[in-house]
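Q: Residues per chain are reported as follows:
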Amino acid sequence: MNSKGGLSDYEKDILKELSTIGSGNAATSISVLIRKTVNISVPSLTVVEPKKFGELIGKESDIRLAIFSYITENYPSKFIVLLSLDEANRLSDLLIHQKFKNIDFNDEKLIIFKSMLLELGNILISSYINAISEIIHKTLVHTPPQIKYDFLESIIDEFSIINEEEGKEMLFLKNEFAIEGSQFLFDLLFLPDDISIRDLIKGV
Amino acid sequence: MNDSGKKLRVLIVDDAIFMRTMIRDILEKNGFEIVGEAGSGKEAIEKFTRLKPDLVTMDIVMPEMGGIEAVKSIIKIDPTAKILMCSAMGQKALVIEAIQAGAKDFVVKPFQPSAVIEAITRITEE
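Sequences listed follow chains A and B, in order.
Heads up, the first sequence is in numbering that gives the first Met the number 0, so the first residue is 0 and it goes up one at a time.
Heads up, the second sequence is in numbering that gives the first Met the number 0, so the first residue is 0 and it goes up one at a time.
Simulated from the structure, these hints should not be mistaken for laboratory data.
Incorrect hints may appear among the rest.
Taking lysine-lysine and the DSSO-like style, the derived pairs with C-alpha atoms no more than 27 Å apart in a straight line are [unchecked claim]:
no., chain 1, residue 1, chain 2, residue 2
1, B, LYS46, A, LYS137
2, B, LYS91, A, LYS15
3, B, LYS103, A, LYS35
4, B, LYS6, B, LYS75
5, A, LYS201, A, LYS51
6, A, LYS51, A, LYS147
7, B, LYS81, B, LYS6
8, A, LYS35, A, LYS98
9, B, LYS41, A, LYS147
10, A, LYS137, A, LYS11
11, B, LYS91, A, LYS77
12, B, LYS71, B, LYS41
13, A, LYS137, A, LYS173
14, A, LYS201, A, LYS98
15, B, LYS6, A, LYS11
16, A, LYS201, B, LYS91
17, B, LYS6, A, LYS137
18, B, LYS46, B, LYS103
19, B, LYS28, A, LYS108
20, B, LYS81, A, LYS77
21, A, LYS51, A, LYS98
22, A, LYS137, B, LYS28
23, A, LYS147, A, LYS58
24, A, LYS201, A, LYS100
25, B, LYS103, B, LYS5
26, B, LYS46, B, LYS5
27, B, LYS75, B, LYS91
Same shape as in the complex, but just chain B (with noise of 0.2 Å):
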């Protein structure tokens, strides 16, 4: 929920549509709303100004545009964006380079849905 008592509303963003169904399902069970599924960066950029949601959860490694470069343009469209990073790439240089990007916090895939919720719980908090 956020502070108006709302469900926090999220966008997925995977190039697999069996990753998006997988995070959906956590999330809706958990009380979210799914504004919208992006399968690129670009796309997800476009959903996300258009859409506004509360979070957004961002992939590494898709076709056309990839993760990092995404969270860099939300970032420079609204500072504030709340990004949580979920990619099965887990070196620390790339958890390093997304963080300096602008992600809040990184999950590796595949991921136990619990991971998952207390590290939206952790960024939505902040």
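Next comes chain A alone, as it looks inside the complex (with noise of 0.2 Å):
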């Protein structure tokens, strides 16, 4: 799985259940901000080296919605929740009932519904990072959240992923919620800057 050989099994379970807490966070998250009952699936959780990546997430030429952040104190990394418009139009109906064909968001129409989505995004990526930080006792503060609607192909080049070093890892998560009998997917990415997955969850 990485150039170390692999995750030990307790390792495997401390990233299970922070990648449980996180998803029951973000879960009961949605469910406050939408008023609905959320029931969610057990993510399904990767640890996967950065230029493999594009095997698993998908044609580059797909076009998703990046929401990202960066932590930059104690542990800098970054975070990308990646949905399709599709997911974003069917939780922007829930949130603000307004859907969009396409997107600009230079637009003055778009500006409730691309901070729903930022906001969204927000919540999103705080459950995640509340999760990591109760699990490794740091705290950890992330900046604004900010968005990108593009070709799968082109977020990956923006934030480099394909090109980071050998031997480095991400975590990534794959979401299923369950709002009123639809489903709704997203990914989310973790990318430590500058020291692995393995050094993040070391000595917990």
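Work from the hints to combine the two standalone chains into their complex.
A: Here you go:
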């Protein structure tokens, strides 16, 4: 799985716990936000070398919304939430009753839609950051989220995901929520800058 | 209502217009007057000085200047300022830091409307 020969069962357990707490926090947050019951499936978690990420994520020509934020202190890292326009529109419909076919974030009509997505991203990213903070006993503060709507290939390039050095690892979580019988999917990437996932959870 | 029977005047500070709208809606439905909105800590200090609200709701993660730094500056201007933190960053150390900076209470986003109203009632009745 990585240059150090794969994770131990104990390390895998910690990561599973982390993703379960993070997804649980995220589901609770979404439920409060939309005032409806949200059910979650156990998230699918993969620790992957960034250069192999492209094989997991889908077609590079697919278009995605990426909401991203950085942790700048303690454990500098990137968090990226990826979702399709369809998922974003369905969530938007629940929250603000707006849907958009074409996305141009410079268009004033999209101000609330964009703000809603940024806040949703903020809440989802915070759900996982709070879970990591809880597990590693460190305070983690992230930057205000930003948004990008582009081809996956361009998003991967933007964050230099496949150019990360040999031996680096990232956490890739596929999340599935059910809200009133409808499935919602989003992916979450956690990419530490200077340390490995293994080092992050060392000593837990 | 404040002591003179007038609506409590609130300044909402959050970088997300979506969240400001949501907080405005909750507060207006519960009899508060929104005197202003700010999208950064820096703008919050300027509007606090100019508008002199009875209460401020304050996000933490914002561009230009974060909420905890803004709380420190506002408390320097008015040590009796009543500030309610509203942030998705519910980590214990951050809650403590915000309270030590001078915030009166902390509500983790997203929140039930009742949680915000209860926190504001507690703060304003102190």
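Q: Check whether the Cα positions of A/LYS201 and B/LYS91 lie no farther apart than 27 Å.
A: Given that 27 Å is the threshold and the Cα spacing comes to 21 Å, the pair holds.
Q: Below or equal to 27 Å on CA atoms is what counts here, so check B/LYS41 against A/LYS147.
A: With Cα atoms ~26 Å apart, B/LYS41 and A/LYS147 stay inside 27 Å; holds.
Q: With the threshold set at 27 Å, check whether the alpha-carbon distance from A/LYS51 to A/LYS98 stays at or below it.
A: It is violated: about 34 Å lies between the C-alpha atoms, which goes past 27 Å.
Q: Does the alpha-carbon distance linking B/LYS6 and A/LYS137 stay inside the 27 Å limit?
A: 41 Å, violated
Q: Regarding the pair B/LYS46 and B/LYS103, is the alpha-carbon distance no greater than 27 Å?
A: 19 Å, holds
Q: Would the pair A/LYS137 and A/LYS11 pass a check requiring their Cα atoms to be no farther apart than 27 Å?
A: OK: A/LYS137 and A/LYS11 at ~20 Å, within 27 Å.
Q: CA of B/LYS81 to CA of A/LYS77, is that 27 Å or under?
A: Not satisfied, since the Cα-Cα distance of roughly 34 Å exceeds 27 Å.
Q: Does B/LYS41 lie within 27 Å of B/LYS71 when you go C-alpha to C-alpha?
A: Given pair B/LYS71, B/LYS41 holds - Cα atoms ~12 Å apart, limit 27 Å.
Q: Assess, step by step, whether the Cα of A/LYS35 is no farther than 27 Å from the Cα of A/LYS98, and give holds or violated.
A: Distance ~19 Å between A/LYS35 and A/LYS98 Cα, so the pair holds.
Q: Does B/LYS91 pair with A/LYS77 here, judged by a C-alpha cut-off of 27 Å?
A: Holds, at about 22 Å.
Q: Between the alpha carbons of B/LYS46 and A/LYS137, is the straight-line distance 27 Å or under?
A: 33 Å, violated
Q: A/LYS201 and A/LYS51: Cα distance at most 27 Å?
A: Holds, at roughly 24 Å.
Consistency note: the structure conflicts with the earlier hints numbered 1, 3, 14, 15, 17, 20, 21, 22, 24.
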